[in-house]
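Modelling step: build the complete structure from the supplied sequences, incorporating the hints.
If you read the sequences in order, they're chains A and B.
Per my numbering, the first sequence starts with residue 1, numbered consecutively.
Per my numbering, the second sequence starts with residue 1, numbered consecutively.
In short, the hints are calculated from the structure, not lab data.
The beta-carbon is built from N, C-alpha and C at its ideal position, and this holds for glycine as well.
Just to be clear, a hint being listed does not mean it is correct.
What the hints assert, rightly or not - Where chain A lies over chain B, by a calculated footprint (3+ residues, C-beta under 8 Å): (1) 6-19; (2) 25-31; (3) 34-41; (4) 48-59.
Given next are the chains, with one letter for each unit.
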Amino acid sequence: GSNREYTSPEVTEFVV
Amino acid sequence: MNTFDNSHEIVAAENCLSTTIDGETVVLHTDAGKYYGFNEVGTFVWESLQEPHTVEEVYEAVTDEYDVGYDRCREDVDELLAELADKDLVTVDAE
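In structure tokens:
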């Protein structure tokens with residue numbers, strides 16, 4: 001068949 | 001640009017630290033000293049890569065979790081994984 005809304009996966013360049 | 005076979009095993013690089021800030025996953029590549037941010041689906045993929053998985057398993061995890069077709073998922077995930085590999089954020093085991 002609850003699936004979450006999809007957006008293309010992204011990684012961006014700008015632990016601290 | 002890297003290309004992947006579905007059977008390639010991929011895992012997050014060990015020299016990375018990650019945390020969540022203001023709902024966004026932030027990763028520090030400790031060797032390069034660079035910071036990266038992931039959007040929601042990117043975060044889902046990144047979290048799944050904390051354990052070794054084949055590329056095909058990553059496709060399946062994303063299509064199971066999100067409302068997306070296999071073809072689009074494959075195209076997007078391939079692009080993301082190639083970018084992560086270029087930035088040395090993942091290790092690819094091509095047996």
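Checked hints:
no. : hint  : verdict
1   : 6-19  : holds (count 3)
2   : 25-31 : holds (count 3)
3   : 34-41 : holds (count 8)
4   : 48-59 : violated (count 0)
In this structure, only the earlier hint numbered 4 is contradicted, and the remaining ones agree with it.
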